Amino acid sequence: MAIMHPRVAHNYLKDGYYPTDEATLSNIAKRLCLKAGTHRLLDPCCGEGKALTLLASAIEQAPQCLVHTYGVELDTERAIMASLTLDNVLRSNTFDTLIGAGSQSVLFLNPPYGNTVTDQMDNASRSMARLEVQFTQRCLPTLKTEECWSWLSPTRH
Numbered sequence: 015m016a017i018m019h020p021r022v023a024h025n026y027l028k029d030g031y032y033p034t035d036e037a038t039l040s041n042i043a044k045r046l047c048l049k050a051g052t053h054r055l056l057d058p059c060c061g062e063g064k065a066l067t068l069l070a071s072a073i074e075q076a077p078q079c080l081v082h083t084y085g086v087e088l089d090t091e092r093a094i095m096a097s098l099t100l101d102n103v104l105r106s107n108t109f110d111t112l113i114g115a116g117s118q119s120v121l122f123l124n125p126p127y128g129n130t131v132t133d134q135m136d137n138a139s140r141s142m143a144r145l146e147v148q149f150t151q152r153c154l155p156t157l158k159t160e161e162c163w164s165w166l167s168p169t170r171h
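Using our numbering, read the sequence shown as starting at 15 and increasing by one per residue.
Rather than coming from a laboratory, the hints here were simulated on the basis of the structure.
Since this is a predicted model, take the numbers as computed values, not measurements.
Mixed in with the good hints there might be a few duds.
Straight-line alpha carbon distances no greater than 30 Å define the calculated DSS-like cross-link-like pairs of lysine-lysine that follow [stated by the list, open to error]:
1) Lys49 to Lys64
2) Lys158 to Lys64
3) Lys44 to Lys158
4) Lys49 to Lys158
5) Lys64 to Lys44
Input sequences plus hints: build the corresponding full structure.
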């Protein structure tokens, strides 16, 4: 049996859902500069789709940029909300989803953070058991060569 700190337990109750604030999204959007053409944007933990919608709007302001948005969301209600603003939303666990290697122009990652829950782990496996590490390893291959990815990491207070 594992004992969890209340903050960690709260993270699991929310399925790791902590949406990115608008100030951070605006700063990321200002720094995105893509070549003219068609771009695929992926958020593999898209929540309600607000982050990817904002980033797509910023990219579409550039001349001759066409954007297609793709989201994956574990929670049914959030997936329904995301489907109202994103082009394609899959209600699934990202770890159970197959996304083509090198298929995305922009990868937006605000993954769940924390340790995986298990009581049978040796010390050598602990560093690889972090959710954000596993999530990044799973999603990074979907990015095209020489394209853009944003990885959000929480600060400690």
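Given hint lysine 158 paired with lysine 49 - CA-CA distance at most 30 Å
13 Å, holds
Agreement of lysine 158 and lysine 64 with the hint, judged by alpha carbon distance not exceeding 30 Å:
23 Å, holds
Has the given pair, lysine 49 with lysine 64, been kept, meaning a C-alpha gap of at most 30 Å?
23 Å, holds
Next pair to validate is lysine 64 with lysine 44; report whether the Cα-Cα distance is within 30 Å.
Roughly 16 Å between the alpha carbons, so the hint for lysine 64 and lysine 44 holds.
Has the given pair, lysine 44 with lysine 158, been kept, meaning a C-alpha gap of at most 30 Å?
21 Å, holds
Comparing the model with each earlier hint shows no violations; every hint is respected.
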